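The primary structure of each chain is shown beneath.
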Amino acid sequence: MVAIVYQPSRRTVLKSSFAGAALWSIGSSSQASAAGPKTIRIAMSAGLDRLDPVRTANGPDLAVISEIYETLLQLDPKTGQLLPNLAVSYEVKEPTLWEFKLRRDVLFHDGSKLTAADVKYSIELIIDPANHSPHFTQLASVEKIDTPDDYTVQIRTKTPDPLLGRRMQPIGGTGRVFIVSKAYGTSHSPQEVNDQPMGTGPYRLTAWRKGQSVTLTRNTGYWGRMPDAEEGIFTFIPENGTRVNALLRGEVDVIQRVPIPDVARIEKSPDAQVVSDPHGLVHTMLLNMLEPPFDDINVRKAFAHALDTKTIIGSLLGKYGRVLGVPMGPTVVQYDASIAPYAYDPDQSRKLLAGRAPIELKTYTSDGRYVDDREIYQAVNAQLNAVGFKVAPQQMEWGRLIAMMSNRTAGPFFIIGWDFGEDDASKMNSFLMSTSSISITKDADYDRLALAGNAEMNPAARTNIWKQAQQVIHDHYLVGAVWEAASIYGVSKKLEYTPQFGENLDLASIKLRAK
Amino acid sequence: MIRLVGKQITLGLLVVLSAITLTFAVVRLSGDPTSLILPQDATTEQRDALRHSLGLDQPVIVQYVHYLGGAAHGDFGDSYFDGDSVTGVIMRRLPNTLLLAASALLLAVVLAIPLGVLAAVWQGGVLDRTVQVISVIGASTPSFWVGLLLLQIFAMQLEWLPTYGVGGITNLILPSTTLALYVFPRLARLTRSSMLDVLPAGFITAARAKGMPERRVIWRVLLRNGIVPVIALLALEIGALFGGAVLTETVFAWPGIGQLAITSIERRDFPLVQGVVAYVALIFSVITVVAEIAVGLANPRLRHR
Amino acid sequence: MSRAYVFVVWAAGVILAGMIVAALLGPTITPYDAAAQNLLSRLLPPGASGPDGRHWFGTDALGRDILSLIIMGARPALFVSAAAAAIAALVGVLAGMIAGFRGGRFGDVLLSLTNIQLAFPFFLLAVTVVGILRPSTSLVIAVIALGSWVPFARVTYADTQQLRELEFIEAVRVMRGSNIRILFRHILPNVLPNIVVLSTFAIGTAIVMESGLSFVGLGVPSETPTWGRMLSEGRDYMDSAWWLTVFPGAAILLLVLVINVIGEQLRDYADPRIQAQ
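Residue numbers (the working numbering), protein chains in the order written: chain A, 15 to 529; chain B, 48 to 352; chain C, 203 to 479.
Since the hints were made in silico from the structure, they are not lab data.
These figures come from a predicted structure and were not determined experimentally.
One or more hints might be untrue.
[To be verified] In silico contact screen, one side only, chain B against chain A (beta carbon under 7 Å); selected entries:
| # | residue |
| --- | --- |
| 1 | 82 |
| 2 | 97 |
| 3 | 128 |
| 4 | 139 |
| 5 | 203 |
Think of the CB as a built atom: it goes at the ideal place given N, C-alpha and C, for glycine as much as any other residue.
Work out the full structure, taking the sequences as your base and the hints as a guide.
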């Protein structure tokens, strides 16, 4: 074969194709190109669904919503007590009557004044079943709302509800009441309210490229403390590694959910640092008491003492995890710090299970839903196998698993996490009260105390009741193991941020460091 | 001729219909999506009410007919999670995937065809061997792994390229290179073997006898005759690209249809899952039908069947 | 054929044989119990020693020995892909033979069906089906087989059509041989060489497909992770513990590579063009 000299003109093809691609810059959100010095770019771990506070309770949605909209009250991160916000004061006039007095200087972003009518409208939207609000259950006690004058709101509840005030602050996931504009809501379609929100908060929405980014701009007419950042840009990077990379490269300034293996990497870098709040999600190892074997308290006891939770959590989460003695966050007002976690005592477990064949446990485990859940399940299974259980785990995708939990077919035990940001013990009812839709627990003493706790309006008496409930949980082995995981953020060294509310990122509280 | 077109269109519609039906059946077998839409502690009444408002408590056949009726108008329902119309969500993301796929295809073509031609022309030479080796290795590599490695090396260690998302050209380079890996090996090999098929047939000698210069011999004769199977393959490779986009978009946080498919499947967002499959089936049926008709037109023998 | 190339093919054969042996012997040859996790020896680099001994490929986030996991991972990789390829071959060959033999409309339908399926982004459908139904070994095998049957059908169809025209078939038919007999005794053996070649490539493709499904969490469920699953689990550690992803990725690459090399060699044997040179 004669060698033929051939000069391909590939280069011209290459040049024109790249030129063509340059014209294709779709949705250039200019990440790498510098945003202004007073702009903060935040990368969340999941995307936004909705910005209508009535229709959503998702973490990422609420992170943005809580900058645009506001609540009547706010939470003191140190004491867990309620502080004024849009409301200057509140009073429980009767066990079923709450009165809120509003500030008079609050304006919506369109300049209209905030009045009691807006508050009434906001709550009524939530309790209207036709709206399918995820906050409905926690506001179901509301019977009616009166507005004797423009700045007074009176809420009548069907039965005494000690938690109504807690729903009026922004932390805690489901059960939030953000104040929306009645005039705007009644003159715009739900889609418009969602896409162009009208709130009173420190930021306004100026751009929303769905699926890509949200841009917030500082509200110059804000009644409260002006935040440092003039602009906030939220983007979404579900891949953990990619999110950390973006921070280290300077493409974003703040990231949430830093995986623990990446903490060292960020700490080593000259431009970024790690900040964390120890009180993130509370993880509970729930046991199905409705069926054998965990209907027997001795088997539950064997389970609890078979686990060396301290070592497991300590070696996996290090300083970012902490074993707890009761299934609630330590910031909860009624938290009983005197109850210690179950001791690691495998001999006792073996004794309790002696004489029986190994108890078979066909379990379903999540993978990646919670921090190091795979690893924790592995370690737990091994320790259970060592004392007389025989665990046959099957990994299950979260969507399927949560559906099985609603049917109570999710196996004899599983890990599920809870947001105790609201700082109240009653959150435990979701998983411990036998009448709750997802509960696999059945304890008459707990039910009795929980009902009493939710009917008692006096805070000191309530705390007493809930402390008794915690003792019952501990003594009756209603929960196998509890630990909290820290909320870990990566922040550029140009910024100063102290996370105080777990996974709830607060743009307005991020400060720009003076040069 | 009409019969040909009609038959192709019917087949295309059949494919779209079966894809939609298969997905419809599969998602409904997966259980109740309300446990993902509503919070963990929602009451049974809330779940029932939501199920009712989404039409999920009706018999499956009724839901199916209703869905098909809407689909015929281009209404594929609304996403369970963000309330936007399925068509709207998909139209927002489709251009991103098309951009990625087009860039990957371009990259692969620009590299594979010349290399394949040269490998054939210099058969047995170093280039030929290299091209073969690279093709086999390329076809054997899990491309998402390569994507992760590329991300690690070029975005993290060397810091030459950005790490995620859409933006300018630099954002496109890593994902499209990764995706091109799906297509490049087969394309290079097919070009090479197709050229080799043409070479011995005497075209070259005949052309040379007519006095054509060498370079033109290559381009006009070789390429024109050998390129037909390659173009046929290209049409099929578009499908492979879309499939590969699913993994590539996940690794690079590229907001396209592939990533949408994964997230909507995880969340059991039925209308969105069904919509993605329906739209993709539609696009590919159209491509296939058009290709088949073109082939049929070009082939007089088939035309008269 | 150059000597270097012969060496490569032999090396590929040896490696493949080694992997098959590893898959068959599985737990008996792993240095450690692959499923044994030890939180005290997490994330050890390759060559390091933990409390239970030396780990040549290091350990993962659960303290499992990576070398053992790689060996165990050969099992699902080979089994799933072989099963899927076998089913795909069975379905494809039958369809191709019948359509090719009967011709006419059968042929048209088959061709059109295969054209459409070839064009369709199959991975998307696979992800949808497996993602929504519960992932199980049989489901994954079925789905991968569904994505692989087309080449078998088309090649068999083309070959059958060709063979049908041959004189000896006419002779058999004249002697009133039943169609089924003709198909199986005369046509099938002639089609077989191509089928074998296709099967090797189908196995390679199946391995990559399964690892892709595993990567997004939809692969075959197994006690120890498949190679694709190891890639997914190691994703968060790419910077701090590169060995979690490099070894399984290399394993996939190596296995598919040797299969492709052998397939190439088989194809060269089966291709009369090369024979003639």
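Each hint, compared with the structure:
| no. | hint | verdict |
| --- | --- | --- |
| 1 | 82 | holds, 5 Å |
| 2 | 97 | holds, 5 Å |
| 3 | 128 | holds, 5 Å |
| 4 | 139 | holds, 6 Å |
| 5 | 203 | holds, 5 Å |
Comparing the model with each earlier hint shows no violations; every hint is respected.
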